[in-house]
Amino acid sequence: MGKRMLVIGESREGALRNVTFEAIAAAKQISPDGEVVGVLCGEGDLAEQGNEMIYYGADRVITVSDEKLKTYTSEGYGQAIKAVIDDESPEGIVMGHTAVGKDLTPKLASKLETGLISDVTEVSSEGGNIIFTRPIYSGKAFEKKMITDGIVFATIRPNNIASLDRDDSRTGEVTTKDVDIADLRTIIKDIIRKGSEGVDLSESKVIVAGGRGVKSAEGFEPLEELAEVLGGAVGASRGACDAGYCDYSLQIGQTGKVVTPDLYIAAGISGAIQHLAGMSNSKVIVAINKDPEANIFNVADYGIVGDLFEVVPKLIEEIKQIKVNA
Amino acid sequence: MNIYVLLKRTFDTEEKIAINDGRIEEEGAEFIINPYDEYAVEEAINLRDEHGGEVTVVTIGEEESEKQLRTALAMGADKAVLINTEDDLEDGDQYTTVKILEAFFEDKEADIILAGNVAIDEASGQVGPRLAERLDIPYVTTITSISVDGETVQIERDVEGDVEKVETSLPLLVTCQQGLNEPRYPSLPGIMKAKKKPLEELELDDLDLDEDDVEAKTKTVDIFLPPEKEAGKVLEGEIDDQVKELVSLLRNEAKVL
Ligand SMILES: Cc1cc2nc3c(=O)[nH]c(=O)nc-3n(C[C@H](O)[C@H](O)[C@H](O)COP(=O)(O)OP(=O)(O)OC[C@H]3O[C@@H](n4cnc5c(N)ncnc54)[C@H](O)[C@@H]3O)c2cc1C
Ligand SMILES: Cc1cc2nc3c(=O)[nH]c(=O)nc-3n(C[C@H](O)[C@H](O)[C@H](O)COP(=O)(O)OP(=O)(O)OC[C@H]3O[C@@H](n4cnc5c(N)ncnc54)[C@H](O)[C@@H]3O)c2cc1C
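Protein sequences appear in the order of chains A and B.
The first sequence begins at 1 in the numbering used here and counts up one residue at a time.
The second sequence begins at 327 in the numbering used here and counts up one residue at a time.
These are computed hints drawn from the structure, not numbers from a lab.
Note that the structure is predicted; figures quoted are calculated from it, not measured.
Among the clues, some could well be false.
Okay, derived cross-link-like pairs now, DSS-like style, lysine-lysine, Cα gap no bigger than 27 angstroms in a straight line [to be verified]:
(1) A:Lys82 x B:Lys543
(2) A:Lys314 x A:Lys290
(3) A:Lys290 x B:Lys521
(4) A:Lys177 x A:Lys205
(5) A:Lys290 x B:Lys555
(6) A:Lys111 x A:Lys144
(7) A:Lys215 x A:Lys205
(8) B:Lys491 x A:Lys68
(9) B:Lys545 x B:Lys559
(10) A:Lys283 x B:Lys570
(11) A:Lys111 x B:Lys545
(12) B:Lys393 x B:Lys555
(13) B:Lys491 x A:Lys70
(14) A:Lys290 x B:Lys570
(15) B:Lys393 x B:Lys405
(16) A:Lys189 x B:Lys559
(17) B:Lys570 x A:Lys314
(18) B:Lys543 x A:Lys111
(19) B:Lys521 x A:Lys3
(20) A:Lys215 x A:Lys3
(21) B:Lys581 x A:Lys290
(22) A:Lys323 x B:Lys570
(23) B:Lys559 x A:Lys283
(24) B:Lys491 x A:Lys82
(25) A:Lys70 x A:Lys177
(26) B:Lys434 x A:Lys111
(27) A:Lys215 x B:Lys570
(28) A:Lys205 x B:Lys555
(29) B:Lys555 x A:Lys111
(30) B:Lys521 x B:Lys393
(31) A:Lys177 x A:Lys111
(32) A:Lys111 x A:Lys205
(33) A:Lys82 x A:Lys177
(34) A:Lys283 x B:Lys342
(35) B:Lys342 x B:Lys434
(36) A:Lys320 x B:Lys521
(37) A:Lys323 x B:Lys559
(38) A:Lys82 x A:Lys3
(39) B:Lys570 x B:Lys555
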């Protein structure tokens with residue numbers, strides 16, 4: 001018998017994040033013949049999201065709905081999910097390594113007195129053990145870890161473990177559970193949304209990122225256009241954010257978002273280690289920088305030494321051209 | 327205020343990383359205060375200057391960790407504690423670390439504990455929230471501003487670029503994010519003074535712990551460097567031709583277009 005796995009789902013602006021589906025796939029890798037139970041917290045009717053989890057491979061889903069769960073707090077979600085864990089006694093738990101996942105899972109692990117392997121990019125099975133691979137030292141090295149005692153608990157880095165194909169013929173039970181959420185000691189007063197509408201950088205397949213070399217807010221316009229023709233999103237280095245050329249919500253790196261797109265184009269970014277920590281796992285990296293010595297060329301698959309304001313518009317034209325011909 | 331900072335001595339990841347015998351080669355490497363813990367030290371000093379009290383910096387580590395503790399004292403912290411596990415423990419993980427910290431904090435009556443949001447070497451980000459849970463105090467992660475008024479605390483935190491405004495109360499644990507402050511450099515008089523500031527050294531025994539109490543729940547089975555990337559292709563020629571070549575490579579070789 002396989003293990004019973006709990007997958008903690010996460011939504012953003014009413015829709016489940018892709019990493020939730022990736023977490024279901026990871027749970028199935030950990031326990032191929034096991035049962036995957038999804039859990040969702042929020043406010044109102046969560047049945048539709050519950051069904052989405054089923055279409056992506058969950059066997060059943062438990063939802064906990066309460067006005068105190070409208071916005072995420074570690075205390076609120078912690079209580080709700082702990083109650084589900086007590087009911088289900090899962091042998092494993094998987095969640096996305098997102099802001100919420102990073103905040104919540106250590107609390108749960110600590111409550112359960114278990115191990116937790118965070119920010120996993122690969123799950124494998126070696127000699128009967130489940131092995132988790134994760135980047136360490138700002139992405140300069142990797143380690144393989146396993147749980148030696150207690151439940152298997154991991155968070156996965158978005159965009160690294162492929163989700164299963166959506167299959168809306170799949171069926172499964174979506175049940176609600178009432179949890180009496182005690183008063184919260186921490187209250188969210190306000191959330192100022194900075195992220196550009198709709199795009200979730202950590203899920204984007206193509207990212208065009210600009211750095212201090214972009215020189216102004218207007219300088220980002222060609223990058224936006226390039227992202228648009230590629231169907232991708234715009235990101236930035238800390239340098240560009242600090243200089244006020246763009247919002248911090250675009251920041252990629254150790255303190256910003258960690259991304260793993262298929263294609264990452266870095267324009268006017270020097271390639272500081274803290275930036276690389278957020279993008280060096282990308283499948284293909286292109287660097288455009290006028291300094292041939294820039295560190296970004298050390299991680300790039302393809303590089304153009306040149307002025308981004310000359311290169312990027314030409315790149316846009318060339319890509320438009322091939323799209324027309326295709 | 328009774329202020330504590332959790333500080334980790336880390337490998338400077340700006341350095342070249344090599345692996346020797348299944349471990350990260352530490353010989354000759356540069357060690358630093360984890361950068362996010364520098365924000366914690368700076369904020370702790372500011373809170374003390376505003377509200378009075380004392381800043382104690384705590385690390386679990388080995389003899390060499392004294393250097394990073396002295397730096398924090400030179401920045402302006404009042405006291406330091408080194409929980410030295412060198413002789414007692416070989417392996418450990420986040421569970422181990424937090425078990426030890428929990429025992430340390432048991433009788434401390436901390437008003438606020440400041441940690442980094444992540445350590446740049448192992449980078450799990452678990453230690454802060456795990457400890458708060460054990461101590462049964464609220465926590466707020468990745469904070470970019472904090473102000474304390476009596477028991478009430480107003481915080482702004484960074485949530486993937488969004489700003490969340492949070493109200494909570496002491497006692498409290500926070501983890502620090504870039505943007506919170508600009509850590510000061512230790513001044514020369516600061517460095518002189520730091521030499522005389524109290525630095526207490528504890529071992530597991532002093533915390534009434536033995537090896538079994540803190541046994542890790544996870545184990546590292548391998549450490550490896552990413553597969554050597556073939557040197558990237560830096561294109562040559564006229565920019566027009568380079569752009570054409572790039573697009574062709576992205577389509578036909580990398581197959582991402
Ligand atoms: C604790 C800590 C955390 C950090 N976290 C992050 C993080 O999460 N993300 C992050 O990005 N940084 C982070 N940083 C900052 C990081 O160290 C660098 O300072 C930052 O990444 C530099 O940004 P940049 O590459 O845009 O700027 P610069 O280093 O100034 O590079 C600009 C580049 O643009 C090139 N250039 C200029 N003009 C042109 C042109 N016309 N055409 C083409 N190229 C041009 C230059 O040759 C140069 O290489 C962190 C730092 C610390 C201490
Ligand atoms: C006895 C012992 C043996 C260990 N053996 C190994 C080993 O063999 N191999 C190995 O890779 N790792 C070992 N570790 C380290 C351990 O695996 C983690 O690095 C440690 O638990 C911190 O986790 P992290 O690096 O993910 O920190 P994070 O959770 O990312 O750190 C967040 C914050 O927690 C605080 N913090 C983290 N670590 C400490 C600390 N040590 N002291 C004070 N505050 C801290 C800091 O404020 C930091 O910014 C050992 C730890 C102990 C205690």
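Consistency of the hints with the structure:
no. : hint                : in the structure
1   : A:Lys82 x B:Lys543  : holds (20 angstroms)
2   : A:Lys314 x A:Lys290 : holds (16 angstroms)
3   : A:Lys290 x B:Lys521 : violated (47 angstroms)
4   : A:Lys177 x A:Lys205 : violated (36 angstroms)
5   : A:Lys290 x B:Lys555 : holds (22 angstroms)
6   : A:Lys111 x A:Lys144 : holds (25 angstroms)
7   : A:Lys215 x A:Lys205 : holds (26 angstroms)
8   : B:Lys491 x A:Lys68  : holds (16 angstroms)
9   : B:Lys545 x B:Lys559 : violated (38 angstroms)
10  : A:Lys283 x B:Lys570 : holds (21 angstroms)
11  : A:Lys111 x B:Lys545 : holds (20 angstroms)
12  : B:Lys393 x B:Lys555 : violated (36 angstroms)
13  : B:Lys491 x A:Lys70  : holds (15 angstroms)
14  : A:Lys290 x B:Lys570 : holds (18 angstroms)
15  : B:Lys393 x B:Lys405 : holds (14 angstroms)
16  : A:Lys189 x B:Lys559 : violated (50 angstroms)
17  : B:Lys570 x A:Lys314 : holds (9 angstroms)
18  : B:Lys543 x A:Lys111 : holds (14 angstroms)
19  : B:Lys521 x A:Lys3   : violated (55 angstroms)
20  : A:Lys215 x A:Lys3   : violated (53 angstroms)
21  : B:Lys581 x A:Lys290 : holds (26 angstroms)
22  : A:Lys323 x B:Lys570 : holds (14 angstroms)
23  : B:Lys559 x A:Lys283 : holds (15 angstroms)
24  : B:Lys491 x A:Lys82  : holds (25 angstroms)
25  : A:Lys70 x A:Lys177  : holds (16 angstroms)
26  : B:Lys434 x A:Lys111 : holds (21 angstroms)
27  : A:Lys215 x B:Lys570 : holds (25 angstroms)
28  : A:Lys205 x B:Lys555 : holds (21 angstroms)
29  : B:Lys555 x A:Lys111 : violated (41 angstroms)
30  : B:Lys521 x B:Lys393 : holds (10 angstroms)
31  : A:Lys177 x A:Lys111 : holds (20 angstroms)
32  : A:Lys111 x A:Lys205 : violated (36 angstroms)
33  : A:Lys82 x A:Lys177  : holds (12 angstroms)
34  : A:Lys283 x B:Lys342 : holds (22 angstroms)
35  : B:Lys342 x B:Lys434 : violated (39 angstroms)
36  : A:Lys320 x B:Lys521 : violated (65 angstroms)
37  : A:Lys323 x B:Lys559 : holds (24 angstroms)
38  : A:Lys82 x A:Lys3    : holds (18 angstroms)
39  : B:Lys570 x B:Lys555 : holds (24 angstroms)
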